[in-house]
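Protein chains in written order, with numbering that gives the first Met the number 0: chain E, 0 to 283; chain D, 0 to 283.
Every clue listed holds true.
The list treats identical chains as interchangeable, and a pair is accepted whether it falls inside one copy or across any two copies.
Pairs of lysine-lysine, DSS-like flavour, derived with a Cα cap of 27 Å: (1) 50 with 8; (2) 87 with 197; (3) 15 with 37; (4) 68 with 50.
Worth flagging that the hints you see were computed from the coordinates, not collected in a lab.
Protein chains: 2
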Amino acid sequence: MAGVVEFEKFPSGTLKVEKGFNLADLDPDSTPGYTGNKADGEALLSDLDGKLAELQEQLFAGSKFGGTKRVLLILQGMDTAGKGGIVKHVLGTMDPQGVQFKSFKAPTPEEKAYDFLWRIEKEVPAAGMMGVFDRSHYEDVLIHRVHGWADPKEIERRYAAINEFEARQTAVGTAVIKVMLNISNEEQKERLLARLDKPEKHWKYNTGDLKERAFWGDYMAAYQAVFTATNTEHAPWYVVPANKKWYARIAVQQLLLEALMSLKLEWPKAEFDVEAERRLAERS
Amino acid sequence: MAGVVEFEKFPSGTLKVEKGFNLADLDPDSTPGYTGNKADGEALLSDLDGKLAELQEQLFAGSKFGGTKRVLLILQGMDTAGKGGIVKHVLGTMDPQGVQFKSFKAPTPEEKAYDFLWRIEKEVPAAGMMGVFDRSHYEDVLIHRVHGWADPKEIERRYAAINEFEARQTAVGTAVIKVMLNISNEEQKERLLARLDKPEKHWKYNTGDLKERAFWGDYMAAYQAVFTATNTEHAPWYVVPANKKWYARIAVQQLLLEALMSLKLEWPKAEFDVEAERRLAERS
Chain E
0 MAGVVEFEKF PSGTLKVEKG FNLADLDPDS TPGYTGNKAD GEALLSDLDG KLAELQEQLF
60 AGSKFGGTKR VLLILQGMDT AGKGGIVKHV LGTMDPQGVQ FKSFKAPTPE EKAYDFLWRI
120 EKEVPAAGMM GVFDRSHYED VLIHRVHGWA DPKEIERRYA AINEFEARQT AVGTAVIKVM
180 LNISNEEQKE RLLARLDKPE KHWKYNTGDL KERAFWGDYM AAYQAVFTAT NTEHAPWYVV
240 PANKKWYARI AVQQLLLEAL MSLKLEWPKA EFDVEAERRL AERS
Chain D
0 MAGVVEFEKF PSGTLKVEKG FNLADLDPDS TPGYTGNKAD GEALLSDLDG KLAELQEQLF
60 AGSKFGGTKR VLLILQGMDT AGKGGIVKHV LGTMDPQGVQ FKSFKAPTPE EKAYDFLWRI
120 EKEVPAAGMM GVFDRSHYED VLIHRVHGWA DPKEIERRYA AINEFEARQT AVGTAVIKVM
180 LNISNEEQKE RLLARLDKPE KHWKYNTGDL KERAFWGDYM AAYQAVFTAT NTEHAPWYVV
240 PANKKWYARI AVQQLLLEAL MSLKLEWPKA EFDVEAERRL AERS
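Next comes chain E alone, as it looks inside the complex (with noise of 0.2 Å):
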């Protein structure tokens, strides 16, 4: 990769949540590990495709072979923080066969007459699958607490339960990568105001979404409530500044690649005779 400008220190020691973490305390224009500019890190980004690609296919290939083993990102943020970008410009160069991508909207009436895990069960990743949810059960925590739609104690119940089901994702195999993209209050402005002077992105462009805009400041005490209750060892979270668009792709492609490196990877060993099965294709 001569020419390129690598990452310093990697995204998941940097923007991983710690101890004592204060969300307030982040900077959405920092690039945290980055020193390259926009055009070294798109260089970057394209780059690494193929070998995010590989990797992915080699997850898939294990699962043919009773591997277990299988990735879940959760991308969460508040809107035009840049989640169906991630989707498309990072999880996007992977073989569409081993994505299993949900986009988690308002739920239905059907899934409203049962837990808020119900549908999210049935949306997890298979062995050798990489899962992507755009919003998730988080949602049930977050836009639910900032409006009240659920009280005090029923978030804790929550937040519990979701804690018991993501340990039990990793216990069957998942590398859990939760991610908050985090964009600055003025940002988001910024954004939504780009999306109405383009006729070709006013479809994007929700009415609701200035509305869920005037209680910044309570999701991000939403965000942060989050973080302290359900950051834990077998699923972090990250929080990755998302105000420049191309460090947030950069940033979660590299949380995939170490994830994914991280699970020892190997292509599969063959379970037939290699050299009988070259005669036998010969003389077919």
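Model the placement of chain D on the given structure of chain E, informed by the hints.
Using the frame of chain E, we list chain D on its own:
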């Protein structure tokens, strides 16, 4: 697109199954409608990526405002025909949140307890989605015919059921594109041997593939029967010469582009007062 070699004749015309069609007459090595070489084809594929992604985004956006249009690409072919490569290299450039991909394997005991279309119905694309089937309900009239798992009367029932099923999809706004990737017997042998040569490809090798390969002639007859019975105006078949992977990819890309362009997609018009929202956003 200066310098890029485009199709002289569109695949929708040259590769479409017509009355009197005979699979045996086709040359899997040919590149109908295209005079360029491999490098030209690869450049074309990459050149049209952006256009395809834009149309797919318009399709997706439309569904957020009541649009019912969607696409279903059905990929069939013998083992090693390149279905996975199409998914990765042609569909892989689209935004994952707009792609509904399903790979149909041998049916589970539960699936076998239902009509063959039961598991298919659950996977058809929702409005705005680009659906992709890697294998499909056609296996139920291909491998089932070849091995006699269904008698001729049942196969006839399935053809009729398939035609009704697909007509119902098009009636609700689905553009159905059925593609058979046509490789030669000799090319399959080479690809199987190539998989045996590379340890990182062993996971893709299935000792059952050689067993099915022995039924090559029966499969070709089953495909020919499928084209005769299920090539309808609303859901036509395209047979894509696939010995040259690069050609198969640009041909399928063109078929998708043509299908999407025929839907006459537009960016949805804003259903809100853009100026009023802008003033609100600026004050927020």
